[in-house]
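Position 380, counted from 1, in the sequence shown is what the working numbering calls 430; the numbers after and before it change by one each time, with no gaps.
Check before you lean on any hint, since a few could be wrong.
[Said to hold, decoys possible] In silico EDC-like cross-links for lysine to aspartate or glutamate, where the CA-CA straight-line distance does not exceed 20 angstroms:
1. Lys112 x Asp193
2. Lys112 x Glu200
3. Lys112 x Glu146
4. Lys342 x Asp297
5. Lys234 x Glu213
6. Lys134 x Glu202
7. Lys134 x Asp190
8. Lys342 x Asp419
9. Lys242 x Asp190
10. Lys309 x Asp271
11. Lys143 x Glu178
12. Lys342 x Asp271
13. Lys134 x Asp98
14. Lys143 x Asp99
15. Lys143 x Glu111
16. Lys234 x Glu261
17. Lys112 x Asp99
18. Lys134 x Glu146
19. Lys342 x Glu261
20. Lys309 x Asp345
21. Lys242 x Asp255
22. Lys342 x Asp380
23. Lys143 x Asp193
24. Lys112 x Asp92
25. Lys342 x Glu359
26. Lys309 x Asp338
Calculated directly from the structure, the hints in this document are not laboratory data. Note that the structure is a prediction, hence the values are computed from the model and not measured.
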Amino acid sequence: GEDGAVQGVVMVFRDISEFRRAEERLRRSETSLRSVLDAVMDGLSVTDDQLRIIQVNAVMEKWYPQASPLVGRLCHQVYHGLEKPCANCPSLKALETRERQSTVIPRTKGGLSTGWLELFSYPILDSEGRAMGVVEHIRDITDRVNAQDERERLIHRLEVQNEELERFAYTVSHDLKSPVITIKGFLGVVLKDLEIGRTDRLAVDLNRMGEAANHMGRLLDELLQLSRVGRVVTPPERVSMGRLVLDAVERVSGRLMQKPIRLLVEPTLPDVVVDRPRMVEALANLIDNAAKFMDNQEDPLIEIGHRREGGRIIYFVRDNGSGIEPRYLDRVFILFERLNPRIEGTGVGLALVKRVIETHGGRIWAQSDGPGRGATFSFTLGKPSDLDSPGSVVKKHVPPA
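Based on the provided sequences and hints, a complete structural model is requested.
This is the structure:
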């Protein structure tokens, strides 16, 4: 009215049923979309054009629980712990080129790689063709990468074994044939001497035949041992490395008695988890090899010990013998390779040692400053955690017999 009093109320009614229905359809659509995303076994991540995450599925949340919540954060911060986009970021390229991009990236946790992911980045385009975001499809390919690595290791192993087979074929046609020829040759001489009644040379000729037969027997025995490594396996056990060394020394005591060789063994060697017979065999070959190559050393010495480098335990067998030309250091482990044909041997021993060490997950290498400067054979075994407890005390000085 004229006095300002309220005389009535105007009420406006609007039908929002359609709005409510649209809102409900949108909610159901979002729920359905979320269900679909979560049903996908691969990771899915949706970002805007600044690479800020706007949606992820359950797989991504499972892969990166330490970075939760993921939504609202930049993808390179969440997935890689970086303040700037990754170098050659496929999602950035997808935004720039408006085409699908892909790459393989490491999956990390706490700064450490825990596997491998294959990433496909699909640009999201508006009605005018402008990129407004990216859908990242991430697939865990860790098993595939590991299988490929294992395949490559097997291929490499087969290549090495094929090379050994070629050398074996050569040895069969040469080294094994040579003793047979020697035996046949002296057998002919013996038969001829018997015909003419000359027996004064029989003992010498028969002795040479025996030496040839013994050489062939040693070669066959070592080839048999080599073929068994990695196939006939005694269950690994934790054992004192010092005890293994003493067992190996006992096995080659005959060689050590030929020269006044001093043998120094570190008093406390860490325990190892190994196939005991195979490891004794490897150590015996290393000690025997050191003893063979002493030449005319006036004070022959073999040292056995260990050191720690970068969390790993490295064992070594060191001698002050004839040494090795540096350019031949890698060749000493090749099957049937004999750098000095004047020294008795078959060329199998160090190849056998290498195979035993590698079967135990380790590696072996030789070091020498050259002829007359001695040699050191160092090796690792398995994981450091398996080799970390102190071993038993062994004698520091084993005098020559």
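Hints and how they fare:
Simply put, Lys112 and Asp193 have alpha-carbon atoms about 18 angstroms apart, close enough for the 20 angstroms limit, and the pair holds. With a C-alpha separation of about 27 angstroms, the suggested pair Lys112 and Glu200 falls outside the 20 angstroms cut-off, and the hint is violated. Between the alpha carbons of Lys112 and Glu146 the distance comes to roughly 30 angstroms, so the proposed pair goes past 20 angstroms and is violated. For the hint pairing Lys342 with Asp297, the CA-to-CA distance comes to about 19 angstroms; that is within 20 angstroms, so the pair holds.
Using a Cα cut-off of 20 angstroms, the hinted pair Lys234 and Glu213 is violated, with the two alpha carbons roughly 31 angstroms apart. Annotation: proposed proximity of Lys134 to Glu202 is violated, straight-line Cα distance about 35 angstroms (limit 20 angstroms). Taken as a hint, the Lys134 and Asp190 pair is broken in the structure, with Cα atoms around 24 angstroms apart against an allowance of 20 angstroms. For the proposed pair Lys342 and Asp419, the alpha carbon gap of about 18 angstroms is at most 20 angstroms, so the pair holds.
Straight-line distance between C-alpha atoms of Lys242 and Asp190 comes to about 78 angstroms, which puts the hinted pair past the 20 angstroms bound. At roughly 25 angstroms between alpha-carbon atoms, Lys309 and Asp271 are farther apart than 20 angstroms, so this suggested pair is violated. Among the hinted pairs, Lys143 with Glu178 is consistent with the structure: their alpha-carbon atoms are about 19 angstroms apart, no more than 20 angstroms. Restraint check for Lys342 and Asp271: the C-alpha separation of about 19 angstroms stays at or below 20 angstroms, so the hint holds.
Pair hint Lys134 plus Asp98 holds up; C-alpha atoms about 16 angstroms apart against a cutoff of 20 angstroms. At most 20 angstroms may separate the alpha-carbon atoms for a hinted pair to count; Lys143 and Asp99 meet this at roughly 11 angstroms. A hinted pair counts as satisfied when its Cα atoms are at most 20 angstroms apart, and Lys143 with Glu111 does not qualify at roughly 25 angstroms. Of the pairs offered as hints, the one joining Lys234 and Glu261 holds, with about 13 angstroms between alpha carbons and a cut-off of 20 angstroms not exceeded.
At roughly 25 angstroms between alpha-carbon atoms, Lys112 and Asp99 are farther apart than 20 angstroms, so this suggested pair is violated. A C-alpha spacing of about 17 angstroms is found between Lys134 and Glu146, which places the hinted pair at or below 20 angstroms, so the restraint holds. Of the supplied pair hints, the one linking Lys342 and Glu261 holds, its CA atoms being roughly 18 angstroms apart against a limit of 20 angstroms. As the CA atoms of Lys309 and Asp345 are separated by approximately 10 angstroms, the hinted pair is consistent with the 20 angstroms bound.
For the given pair, Lys242 sits about 12 angstroms from Asp255 by alpha-carbon distance, which is consistent with the 20 angstroms threshold. Using a Cα cut-off of 20 angstroms, the hinted pair Lys342 and Asp380 holds, with the two alpha carbons roughly 19 angstroms apart. A threshold of 20 angstroms between alpha carbons decides the hint, and for Lys143 with Asp193 the separation of about 27 angstroms lies outside it, so the pair is violated. With a C-alpha separation of about 11 angstroms, the suggested pair Lys112 and Asp92 falls inside the 20 angstroms cut-off, and the hint holds.
Proposed proximity of Lys342 and Glu359 is contradicted: the alpha carbons are some 29 angstroms apart, above 20 angstroms. Taking the CA atoms of Lys309 and Asp338, the gap is near 12 angstroms; set against the 20 angstroms cutoff, the hint holds.
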